[in-house]
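Peer 1: Listed here are the chains, written in short residue letters.
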Amino acid sequence: MNEQRFVDELKTQFGGELVEFRGETRLIIQLKDLFPAVEAIRKMGFERLSGITTVDYFPAEDPRFHLVYLFTSLQRGATFEMRVPVPAINPSAPSVEKIYPNANWREREIYDMFGITFDGHSDLRRILMPHDWEGHPLRKDYPLGYEEPQFTFNFDEIDVRKPYAKE
Amino acid sequence: MTELLSASFDEIKHLVSNRALEGETMVLNMGPQHPSTHGVLRLLLELDGETIINIIPDVGFLHTGIEKNMEAKTYMKAEVMSDRLDYMNTTGNNLVYVLAVEKLVDLDVPPRAQAIRVIIAELQRIASHLVWLGTAALDVAAMSAFLYCFREREMILDILEMCSGQRMMTTYFRPGGLWRDVPVEFEAAVRHVLKVMPKRIDQYESLLTRNPLFIDRTVGIGKISAEDALAWGLTGGTLRASGPDHDFRKFAPYSGYEQYEFDVPLETAGDCYARYLVRVEEMRQSLRIVEQALDKLPMGPVSSSNHKFVPPPRSEIGTSMEALIHHFKLWTEGFSAPKESVYVAVESPRGELGVFLEGDGGPKPYRIHWRTPSWDNLQVLPVLSRGHLVADLVAIIGSIDIVLGDIDR
Chain A
538 MNEQRFVDEL KTQFGGELVE FRGETRLIIQ LKDLFPAVEA IRKMGFERLS
588 GITTVDYFPA EDPRFHLVYL FTSLQRGATF EMRVPVPAIN PSAPSVEKIY
638 PNANWREREI YDMFGITFDG HSDLRRILMP HDWEGHPLRK DYPLGYEEPQ
688 FTFNFDEIDV RKPYAKE
Chain B
-9 MTELLSASFD EIKHLVSNRA LEGETMVLNM GPQHPSTHGV LRLLLELDGE
41 TIINIIPDVG FLHTGIEKNM EAKTYMKAEV MSDRLDYMNT TGNNLVYVLA
91 VEKLVDLDVP PRAQAIRVII AELQRIASHL VWLGTAALDV AAMSAFLYCF
141 REREMILDIL EMCSGQRMMT TYFRPGGLWR DVPVEFEAAV RHVLKVMPKR
191 IDQYESLLTR NPLFIDRTVG IGKISAEDAL AWGLTGGTLR ASGPDHDFRK
241 FAPYSGYEQY EFDVPLETAG DCYARYLVRV EEMRQSLRIV EQALDKLPMG
291 PVSSSNHKFV PPPRSEIGTS MEALIHHFKL WTEGFSAPKE SVYVAVESPR
341 GELGVFLEGD GGPKPYRIHW RTPSWDNLQV LPVLSRGHLV ADLVAIIGSI
391 DIVLGDIDR
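Sequence lines, in order, name chains A and B. Every position in the first sequence, counted from 1, becomes a number in our numbering once 537 is added. With our numbering, letter number 335 in the second sequence gets 325, and the count goes up by one each step, no holes.
Next comes chain A alone, as it looks inside the complex:
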């Protein structure tokens, strides 16, 4: 695919690190460059935002998360992946909803599942989990949902954090 030219152009404009794997290139850029970079990518002819997802590198602190943006261009016949590292404390990123409207639900999903907030988002609510849910299920420090086995030596320790039914 003819991706090399615009990847080079993006790299000269925003800096960042190029990673290649199995013939596909991805660009890792700084959080502050996210919005202008997405704007530039849209201008380069990437009509579609295929998806946004997140990887949690817990217990790494800075960066803890990687936001992954996947773009598709029909006119170039290319797909492109861009990553943005996000720190663990008050994770937040600018919303790209104004450039790609379908980012709305995708960012809501990331907020719901990872607890990353998006500045400038029109409707940042939970989308899959109930609205009064506590915690963000896809974070690596969120348990899968098994009950922790209690033994005599750690009965009290686990009993403190055991989620008993209320009322």
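The set of hints was computed from the structure by calculation and includes no laboratory data. One thing to keep in mind: the hints can contain errors.
For lysine-lysine, the following PhoX-like pairs were computed, each having C-alpha atoms within a straight-line distance of at most 20 angstroms [stated by the list, open to error]:
| no. | chain 1 | residue 1 | chain 2 | residue 2 |
| --- | --- | --- | --- | --- |
| 1 | B | K58 | A | K677 |
| 2 | B | K354 | B | K93 |
| 3 | A | K580 | A | K569 |
| 4 | B | K93 | B | K240 |
| 5 | A | K677 | B | K240 |
| 6 | A | K569 | A | K548 |
| 7 | B | K319 | B | K63 |
| 8 | B | K67 | B | K286 |
| 9 | A | K677 | B | K319 |
| 10 | A | K699 | A | K677 |
| 11 | B | K93 | B | K329 |
| 12 | B | K354 | A | K677 |
Coverage of chain B stretches by chain A, computed from C-beta distances (three or more under 8 angstroms per stretch; other residues unrestricted) [what the hints assert, rightly or not]:
| no. | region |
| --- | --- |
| 13 | 50 to 63 |
| 14 | 215 to 222 |
| 15 | 308 to 319 |
| 16 | 332 to 341 |
| 17 | 361 to 370 |
Cβ coordinates follow ideal geometry from the N, Cα and C atoms, glycine included.
Dock chain B against chain A, hints included.
Peer 2: For chain B alone, coordinates are given in the frame of chain A:
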């Protein structure tokens, strides 16, 4: 209880217009258990009389945490969960998952396995479109098409059962190839489908395409322009009914699709009727692909011989120490994948079905994300239905072909 209700209302207050707060327009709940929402989908409608002003979709009723669950299983065991996402396209989900795993660990697939994958995936696409056609026609009160569509779908599900032992949750494709070769009756069964289906598709068309009631309910309803459709991330038949030529089988061919001749049906109107025409033509094109793949189906193994990733055949385990070790290692620990990530997308019956898969050097996926087509196709529902009547909303939901298992994951 009152606290909970007022809290949830405050949360969505900014989504309805001021007229709704003053009681001028009505906010009406539709679903989650409603026969025409194609699953457990809840919609909050803001209505002026019978005209839709806004829709607030509420999803997540089928959320089962499949992404989280897959992170806790080995690459081979996690595949079983992929069937449960989009239950109308189970082999397609298997296909994209095994393609992602094969790309991550750099595993080759024999040509026979690739051709059988194409045949099964295209048959599954026809089966999925038949369910869509039947239910979408049922939504606009064309009862008889539903019965015919489900009759033909049984033929295809019988073929899946013949190959994998299961009608729906097949897990037939495995990393490196297939679970086993197709049985001897397979070819005759597929030939039978190829023989009868073109006539049956003509029958559906004679029921619907020029039916004045069907045309009244679908032409001009739920229109979207090509630019909007791309910006909202639509894919599949829902996008191609608006004009853009975007099909992952042509855009980034996988599993040998570049060898087959087929057309990507396009329409420009972008309404419910155009989406119907595109999907009906897609069934014909799928039959073309199946016929070509079956005609030149190569002989040979159906699974990679790299036993670091593919379990050895049962017959070898009794005689070969190495095979026994591989068998034991693969079914206890599993194989490891590098600390890298890949994104693979295929054309599911609904659009771009993608898997983002990241390994951490161990035997379990570190992160797996499903980019599901129904997610974006449902998100555009408010844009499609503003200004239409409530009765048209039912036709629009039917036409975008959503599967809630695909959305909620």
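Peer 1: Hint by hint, note whether the structure agrees.
Peer 2: Hint-by-hint comparison with the structure:
Restraint check: the Cα-Cα separation between K58(B) and K677(A) comes to about 9 angstroms, which is no more than 20 angstroms; the hinted pair holds. In summary, the hint linking K354(B) to K93(B) is supported, as the alpha carbons are separated by about 15 angstroms, within the 20 angstroms threshold. For a cut-off of 20 angstroms, the pair hint linking K580(A) to K569(A) stands: about 19 angstroms separates their Cα positions. A hinted pair counts as satisfied when its Cα atoms are at most 20 angstroms apart, and K93(B) with K240(B) qualifies at roughly 19 angstroms.
For the given pair, K677(A) sits about 37 angstroms from K240(B) by alpha-carbon distance, which is inconsistent with the 20 angstroms threshold. Between the alpha carbons of K569(A) and K548(A) the distance comes to roughly 14 angstroms, so the proposed pair stays at or under 20 angstroms and holds. Between K319(B) and K63(B), the direct Cα distance comes to roughly 15 angstroms. Compliance with the 20 angstroms bound is thereby established for this hinted pair. For the proposed pair K67(B) and K286(B), the alpha carbon gap of about 32 angstroms is over 20 angstroms, so the pair is violated.
A C-alpha spacing of about 26 angstroms is found between K677(A) and K319(B), which places the hinted pair above 20 angstroms, so the restraint is violated. A hinted pair counts as satisfied when its Cα atoms are at most 20 angstroms apart, and K699(A) with K677(A) qualifies at roughly 19 angstroms. Annotation: proposed proximity of K93(B) to K329(B) holds, straight-line Cα distance about 13 angstroms (limit 20 angstroms). Restraint check for K354(B) and K677(A): the C-alpha separation of about 14 angstroms stays at or below 20 angstroms, so the hint holds.
Evaluation of the coverage hint for the region 50 to 63 of chain B: fulfilled, as 7 residues show C-beta separations to chain A shorter than 8 angstroms, against a requirement of three. Using a Cβ-Cβ cut-off of 8 angstroms, 3 residues of the region 215 to 222 of chain B lie near chain A, which meets the minimum of three, so the contact claim holds. Counting residues of the region 308 to 319 of chain B whose beta carbon lies closer than 8 angstroms to any beta carbon of chain A gives 0, which falls short of the minimum of three for the stated coverage. Counting residues of the region 332 to 341 of chain B whose CB lies closer than 8 angstroms to any CB of chain A gives 3, which reaches the minimum of 3, so the coverage claim holds.
As drawn, the region 361 to 370 of chain B meets chain A at 5 residues by the rule of a beta-carbon pair under 8 angstroms; at three or more, the given contact holds.
In the structure shown, a violation is registered for the earlier hints numbered 5, 8, 9 and 15, in ascending order.
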